[in-house]
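**Student:** Produce the entire structure from the sequences given, and follow the hints as far as they go.
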Amino acid sequence: MSKILIIDEATPQRSLIKSALEDQGHDVIEANDSPQGLVRAIKISFDYIFCDLNMSGLSGKEFLAKTSHLPSKTFILISENDSQAREECRCLGAADVVLKLADKKVYQDLLS
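With the sequence shown counted from 1, adding 3 to any position gets you the working numbering.
A hint or two may mislead.
Derived DSS-like pairs (lysine-lysine); straight-line CA-CA distance at most 30 Å [as the list claims (entries may be wrong)]: (1) LYS107 to LYS76; (2) LYS21 to LYS46; (3) LYS46 to LYS6; (4) LYS103 to LYS64; (5) LYS108 to LYS76; (6) LYS46 to LYS69; (7) LYS107 to LYS21; (8) LYS6 to LYS21; (9) LYS21 to LYS69; (10) LYS6 to LYS69; (11) LYS64 to LYS21; (12) LYS6 to LYS76; (13) LYS107 to LYS69; (14) LYS64 to LYS46; (15) LYS6 to LYS103; (16) LYS6 to LYS64; (17) LYS64 to LYS76; (18) LYS76 to LYS103; (19) LYS103 to LYS46; (20) LYS107 to LYS64; (21) LYS69 to LYS103.
Keep in mind the hints are simulated off the structure, nothing from the lab.
**Tutor:** Laid out in C-alpha coordinates, this is it:
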(Lines of atoms letter the chains of each structure in order from A and count residues from 1; the text may use other names and numbers.)
(Lines give C-alpha, C1' and ligand atoms only; values in the text may rest on other atoms or scores of the structure.)
Protein backbone atom coordinates (compact mmCIF):
# COMPACT_ATOMS: atom_id res chain seq x y z
CA MET A 1 0.00 0.00 0.00
CA SER A 2 0.95 3.68 0.11
CA LYS A 3 3.40 5.49 2.40
CA ILE A 4 1.70 8.53 3.95
CA LEU A 5 2.86 11.47 6.08
CA ILE A 6 0.42 13.34 8.34
CA ILE A 7 1.49 16.79 9.59
CA ASP A 8 -0.76 18.40 12.16
CA GLU A 9 -0.15 19.93 15.59
CA ALA A 10 -3.48 18.51 16.81
CA THR A 11 -2.95 14.96 18.07
CA PRO A 12 -6.65 13.97 17.78
CA GLN A 13 -6.70 14.97 14.10
CA ARG A 14 -3.50 13.06 13.34
CA SER A 15 -4.88 10.03 15.17
CA LEU A 16 -8.17 10.09 13.24
CA ILE A 17 -6.46 10.25 9.86
CA LYS A 18 -3.83 7.68 10.86
CA SER A 19 -6.48 5.23 12.02
CA ALA A 20 -8.56 5.69 8.86
CA LEU A 21 -5.60 5.06 6.57
CA GLU A 22 -4.01 2.25 8.56
CA ASP A 23 -7.38 0.48 8.45
CA GLN A 24 -6.82 0.31 4.69
CA GLY A 25 -3.30 -1.08 5.13
CA HIS A 26 -1.33 2.09 4.44
CA ASP A 27 2.02 2.82 6.12
CA VAL A 28 1.48 6.07 8.06
CA ILE A 29 4.11 8.32 9.66
CA GLU A 30 3.20 11.33 11.78
CA ALA A 31 4.82 14.72 12.34
CA ASN A 32 3.53 16.94 15.13
CA ASP A 33 4.73 20.20 13.58
CA SER A 34 5.60 21.62 10.19
CA PRO A 35 9.42 21.80 10.59
CA GLN A 36 9.49 18.10 11.54
CA GLY A 37 7.11 17.32 8.69
CA LEU A 38 9.23 19.20 6.17
CA VAL A 39 12.35 17.26 7.16
CA ARG A 40 10.49 13.95 6.87
CA ALA A 41 8.91 14.91 3.55
CA ILE A 42 12.32 15.70 2.08
CA LYS A 43 14.17 12.69 3.54
CA ILE A 44 11.53 10.01 2.95
CA SER A 45 9.63 9.35 -0.25
CA PHE A 46 5.88 9.53 0.46
CA ASP A 47 3.02 8.78 -1.88
CA TYR A 48 0.68 11.15 -0.03
CA ILE A 49 0.99 13.93 2.54
CA PHE A 50 -1.80 15.37 4.69
CA CYS A 51 -0.80 18.79 6.03
CA ASP A 52 -2.72 21.25 8.21
CA LEU A 53 -3.10 24.72 6.71
CA ASN A 54 -2.63 26.66 9.96
CA MET A 55 0.45 25.67 11.93
CA SER A 56 3.23 27.49 13.71
CA GLY A 57 6.58 27.33 11.98
CA LEU A 58 5.44 26.83 8.39
CA SER A 59 1.88 27.20 7.21
CA GLY A 60 0.39 24.65 4.86
CA LYS A 61 0.87 27.12 2.01
CA GLU A 62 4.55 27.57 2.86
CA PHE A 63 4.91 23.79 3.11
CA LEU A 64 3.42 23.41 -0.38
CA ALA A 65 5.84 25.98 -1.78
CA LYS A 66 8.84 24.21 -0.25
CA THR A 67 7.76 20.74 -1.37
CA SER A 68 6.37 21.45 -4.84
CA HIS A 69 9.33 19.59 -6.38
CA LEU A 70 8.42 16.35 -4.58
CA PRO A 71 6.33 13.66 -6.31
CA SER A 72 3.99 13.28 -3.30
CA LYS A 73 0.34 14.29 -3.61
CA THR A 74 -0.39 16.73 -0.80
CA PHE A 75 -3.80 17.23 0.78
CA ILE A 76 -4.26 20.39 2.85
CA LEU A 77 -6.45 20.20 5.96
CA ILE A 78 -8.58 23.26 6.79
CA SER A 79 -10.76 24.05 9.80
CA GLU A 80 -13.40 26.06 7.98
CA ASN A 81 -14.71 26.14 4.46
CA ASP A 82 -12.71 29.03 3.01
CA SER A 83 -12.93 29.21 -0.79
CA GLN A 84 -10.02 31.64 -1.07
CA ALA A 85 -7.71 29.36 0.95
CA ARG A 86 -8.85 26.38 -1.14
CA GLU A 87 -8.00 28.17 -4.38
CA GLU A 88 -4.62 29.41 -3.10
CA CYS A 89 -3.66 25.91 -1.98
CA ARG A 90 -4.69 24.38 -5.29
CA CYS A 91 -2.65 27.01 -7.15
CA LEU A 92 0.34 26.04 -5.02
CA GLY A 93 -0.07 22.40 -6.03
CA ALA A 94 -2.35 20.82 -3.43
CA ALA A 95 -4.05 17.67 -4.71
CA ASP A 96 -7.13 18.68 -2.72
CA VAL A 97 -8.25 20.68 0.31
CA VAL A 98 -10.17 18.78 2.99
CA LEU A 99 -12.19 19.97 5.98
CA LYS A 100 -10.62 18.78 9.23
CA LEU A 101 -12.41 16.35 11.51
CA ALA A 102 -14.17 14.78 8.59
CA ASP A 103 -15.42 11.23 8.85
CA LYS A 104 -12.77 8.50 8.45
CA LYS A 105 -14.37 7.51 5.15
CA VAL A 106 -13.56 10.94 3.64
CA TYR A 107 -9.84 10.29 4.12
CA GLN A 108 -10.13 6.74 2.85
CA ASP A 109 -12.03 7.84 -0.26
CA LEU A 110 -9.31 10.37 -1.16
CA LEU A 111 -6.90 7.50 -1.78
CA SER A 112 -9.35 5.23 -3.61
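**Student:** So if I understand the rule, the pair passes when the alpha-carbon distance is 30 Å or less; does LYS107 with LYS76 pass?
**Tutor:** holds, 19 Å
**Student:** With the threshold set at 30 Å, check whether the alpha-carbon distance from LYS6 to LYS76 stays at or below it.
**Tutor:** OK: LYS6 and LYS76 at ~11 Å, within 30 Å.
**Student:** Straight-line Cα separation of LYS6 and LYS64 no greater than 30 Å?
**Tutor:** holds, 22 Å
**Student:** So if I understand the rule, the pair passes when the alpha-carbon distance is 30 Å or less; does LYS107 with LYS64 pass?
**Tutor:** holds, 24 Å
**Student:** Checking one constraint from the list: CA of LYS107 to CA of LYS69, max 30 Å. Satisfied?
**Tutor:** Cα-Cα ~28 Å, so holds.
**Student:** Under the criterion that the straight-line Cα-Cα distance not exceed 30 Å, is the pair LYS6, LYS69 satisfied?
**Tutor:** holds, 20 Å
**Student:** Need the status of pair LYS21, LYS69: alpha-carbon distance at most 30 Å?
**Tutor:** holds, 24 Å
**Student:** Given the hinted pair LYS64 and LYS21, is their alpha-carbon gap at most 30 Å?
**Tutor:** holds, 22 Å
**Student:** Take a quick look at whether LYS64 and LYS76 sit within 30 Å of each other, Cα to Cα.
**Tutor:** Holds, at about 14 Å.
**Student:** Is the hinted pair LYS6 and LYS21 satisfied, with a Cα-Cα distance of at most 30 Å?
**Tutor:** This hinted pair holds, its Cα atoms lying about 11 Å apart.
**Student:** Checking one constraint from the list: CA of LYS64 to CA of LYS46, max 30 Å. Satisfied?
**Tutor:** The given pair, whose Cα atoms are some 20 Å apart, holds under the 30 Å limit.
**Student:** Do the alpha carbons of LYS46 and LYS6 lie within 30 Å of each other, as the hint requires?
**Tutor:** Distance of about 13 Å is within 30 Å: holds.
Going down the numbered hints, you'll see the structure goes against none, and every one checks out.
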